[in-house]
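Protein chains in written order, with the numbering used here: chain A, 1 to 985; chain B, 1 to 206; chain C, 1 to 95.
There is no bait here: all hints are sound.
A few chain A residues that don't get close to chain C, going by computed Cβ distances all over 10 Å:
| # | residue |
| --- | --- |
| 1 | S154 |
| 2 | E232 |
| 3 | V386 |
| 4 | G498 |
| 5 | G565 |
| 6 | T713 |
| 7 | C885 |
Here are some, though not all, of the chain A residues that point toward chain B, as calculated from beta-carbon distances under 7 Å:
| # | residue |
| --- | --- |
| 8 | D736 |
| 9 | A745 |
| 10 | T810 |
The set of hints was computed from the structure by calculation and includes no laboratory data.
Using N, Cα and C, we set each Cβ at its ideal position, and we do this for glycine too.
The residues making up each chain are set out below.
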Amino acid sequence: MTQTNRLDGGLIDRSETLNFTFDGKDIQGHPGDTLASALLANDVRLMGRSFKYHRPRGVFSAGSEEPNALVELRSGAAREPNTRATVAELFDGLEATSQNRWPSLSSDVMAVNDLLSQFLTAGFYYKTFMWPKSFWEKVYEPIIRRAAGLGSLSMEPDPDAYDRGFLHCDLLVIGAGPAGLSAALTAGRAGAEVILADEDFAPGGRLNAETYALDNEPAADWVGTALAELLEMPNLRLMTRTTVFGAFDHGVYGAMERVTDHLVSPPEGAPRQTHWKITAQRALHCAGAIERGIAFANNDRPGVMLAGAMRAYANRWAATADQTVAVFTNNDDGHRTARDLLAKGVNVAAVVDIRPDAQAMGDYPLFAGAKVLNAKGRLGLAEIEVRLADGGQTTVSCGALGVSGGWNPNISLSCHHRGRPVWDDRIAAFLPGPTPPAGLKIAGAAAGEFSTHGALKSGAAQAVAALSEIGVSATEPEPPRSEDAPFSITPFWHVGEGKGRAWLDLQNDVTVKDVKLAHQEGFRSVEHLKRYTTLGMATDQGKTSNMGALAVMAEMTGQTIAETGTTIFRPPYTPVAIAALAGRARDDAFRPVRRTPSHYWAEEQGAAFVESGQWLRSQYFPRKGETHWRQSVDREALAVRKSVGVCDVTTLGKVDVQGEDAATFLNLVYCNGFAKLAVGKTRYGLMLREDGIAMDDGTAARLAEDHFVVTTTTANAVPVYRHMEFVRQCLRPDLDVQLISTTEAWAQYAVAGPNSRKLLQKIIDPEYDISNEGFPFMACAEITICGGLRARLFRISFSGELAYEIAVPTRYGDALMRRLMEEGREFDVTPYGTEALSVLRIEKGHAAGAELNGQISPSHLGMARMVSTKKDSIGAVMSRRDGLCVAESYRMIGLEAEDPDKSLPAGAHLIAEGDAIDAAHDQGWITSAAYSPHLGKSIGLGFLKRGDAREGEVILVANPLQGESSRARVVAPHFIDPKGERLRA
Amino acid sequence: MPEHSLSPLSPLGDEAPRSTQIGGFRLIERADFALASVAARDGRVEIVRESLASLLGKAPDAGRLEHGKEHMGFWIGPDQWMIEADHDPYEDLAAQLKTTLGDAVSITEQNDGWVVVDLEGSALRAVLERLANIDVSRFDAGCATRCSIEHMGCFLLCLDHGEHYRILAGRSFAGSLWHALTTTCASVAAINQAANEHNRSNWMRP
Amino acid sequence: MIITHPILGPRDASEFTYLGDASLIDRPDGMNEGAAEAFLDYVYLRDNPAGEHRELWYHEQGDRSWLVVTRDTVTHEVTKVELACDVALAARSAT
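Given only the sequences and the hints, what does the whole structure look like? Please build it.
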């Protein structure tokens, strides 16, 4: 093909030819083209099939409002469906494919839907497929989805990179047409930090599409001069290919920059798109206006398009859909299209103007007081039927028809905080309402200023007004002399006669008849109309179609359009790729990973790792010959009980608590007493929420009168610190207490087992006595190890064995682990992971996260007596509520499997033997379970009603999810050393 | 400090700190700092400000950092600061400060709580604005703030506007922070390369 | 959303964690007579205004200050931001 519909002039670079394909055919265009303009220039009018009826469709607009020309770009994993051809910037090597058709665009078998259209009218979803209910998911929906649809996904991971970022400015100018450029010049010259964003790759807006003069130079040249000045301003950032898609609270805007979408092979690592969060003190919406059509029979034929788009293709892109065109209009703008196309050498066969007093702007046949009845031509427009003013009828041959029903100010962003638009009779359209998002002003055609002069003037004036609100003084420049025509329109929405359907919403296939049907069936409010007919609910949000439908509904109800009202727009303004919202946070980088001090050493040991919140922890350390994780875990747990093991417990939260009132503070935070804890001692502490439920547990070690180190569970480190700050700042600001997290400053290892003291004695400097007498159970001290390295030692035990936790500055954590392994060889020291840690604590009966699940009170844990009555503490009062304390309530228990071959699943429910397995007979549940290598059977912890009084009872362990159940014996929740002799040894 | 027999590992898990050059940007892991947090005790903030002034020239105001002769300090919260000094002579920085500042403060050793990365180069604005939600153009030399970088809580310090920034994140995040910084630098470098290769076409005047 | 921190100026809401009604500052004394009833009110009973609401926000990715933010729940307009410790101290000295 050879660009048979390419005209003279335009903002394209003819010195370079770009080769691309559409449905496999090789086609040429030029830099500056969009896919749509290049296809038109090559005489391609048919670009897609419609959503529901698979009607042949061509390009309807020249911008992001496009409802029809949706295509798939690229191939393989990079395929992107539903791209508007009107905004796809052409590049060499672009692959484009039409969608929603099979086997080909010109012969689509699903076009049979069009013949079935009487069954697929408004509300057909609700009417046709009502029953049986089960058919909906299994039968109807899959069929409908296959038949009616948009493009298809590649079903492969998105291969592209995406970025995100944050920008700040004094003034964000949205849209770089006449109003936006004028605003940016005004604000930029005033020295304000300005961002000027435009969705197009060429700033200028309508100025690029018109032939007006500004100060005697062509509009597009004036744009060039303005840009040159703007680009010199260090305080101004021009962002092209950037769509501001949403207005959010307090001046935050979402914007999507298409960084390399227009490059065939971007450099390695370059993002395809960048998602910007822009914080703007003030913003100016200069997004122009969007033309609307007039509905008449078969007005969806390829070749029927908006008159302003037809003019834009001719002036900016030097392309026409056909060498013979016609125009159908209710306002002067349609005549501008006829005039400009004529000037480009295109044959204008007719201008059909519904106004009886219409005046021609050039030498073309004018049918005043006439209307277009019908459009004919199966895969593309061939002729139109016209009803003349005198009642006669004629036929006009043309391959393209430009339709202008008037212009709608682009109110999108002004609606984003539920701003209600208001009707304006002067322009027969909705204007932004009185309450746009705070800090957002509107200028230019978006505010109903349709003349070039008006747009330039209002852009500058609104910029001055916006800046004055933030204390920046700016001067309104004298705008260039330019077109200032008054806007003249006779509202006209649809031609009532003519055979065939008259289309309103081209993307969702909604016709005038559908709106009438909705009215007939009582769906008369605009919100009901929208949902019943799906009008405006497609990816274009009805930018070109909503008004027509509102007008039809107004006509049916006998109300004005103002009385009928309108639905409003919400973000995003145009579709946004989900991957772009994710930015860099995908795959392995989906969220940050935290590594423990022993991580690299553990990797060398071949450890298996487990995610524990953000942390990666060693789960177990498989040894040669071990084929199942249980073998490793059993070995590790037994080794601790037999000799000594080492486990990295750095992940436990550590909070440094200092100040004169530190003990008073902890007395409030913990339900048990801390005031009398001696220096050099550690105590277990239980924190409650104010409603009396357990929040977290841990230890507090008193290093000095005014200095404690509090530990939290791994999972709750952040919320507990937040809570402690709440108590400090909001409840007791009178106390002298200072907090800071020190979790990561110290590498902390549990050294547990009967030989733990012997092992530690080998590394702790000899001046420190860690004998049972010198350093008894629950002692803590600041010591030195390995010849002078400062360290902290705590004699605490999670496993129930003689045990310590030792902490060193984190940079030495790796070396300490290696040293412990080396020095422990004589004791067969065994590193153990989170699995063995869990087995050991279940055997000992220590509660952990699974027990402290947000429903459990001290009484349930058997710790009611720990809640001190001698002082006030958070949650103490509420923990004594009857409902939490009655004997019938849950109590923590231990369970031993009756059948040694059966495991006890955590989460299983406890049912009395003989009772039915249902919710009514539910008596409790298992929180944690493990195989105890020490006892040689499966054990568990859980909560059971009156559990403390039911030791010895055999109970049913029900797992209805898997349809299984087994039996277990209720025991005290201490499987080893109930008297605590080992840990005091 | 006494000689002990354990050797340190950098937050990124190497014996020596890591550094890399990406496009015009340099990323340098800094393991050579001692850190300590200083919080004024109740009613003692003026005394602490005076002591900090003698150490740093001026007690850092909210959102600011100050350089002293051998120390640098920045504000981290109301009546709370972080002090930085060279690690080797100041490994016991917390203890030294306690001696100087006495009962007026609570001091916590923070030497190893952080991974510290310096970001150097020219035109770093494009990198910074992809990392943190701060107004980069107004984040001048001497600014210090806590912020979120790829969901990691970080301190961000500006040492030289547009050319030298310091980022501190929780030490355990070192790998993820390094990944975030290197990919962002690579991304900006690639965008810059694309911009150089694809000069504006003739259709776009001037 | 933007919260104008009394010390640090405008900061993005994503840096903050929300807790709830600022009446949580007025915690009853657990050792007082009638504490059970007082805590029932304190823990569970809240006004739910369509309009001005005083609420607690924590600057987690910032200076770790708790703030009392006065916000219109209908428009999200923030009319006042105070340091919670100032509010709490003022409340203590008033009683």
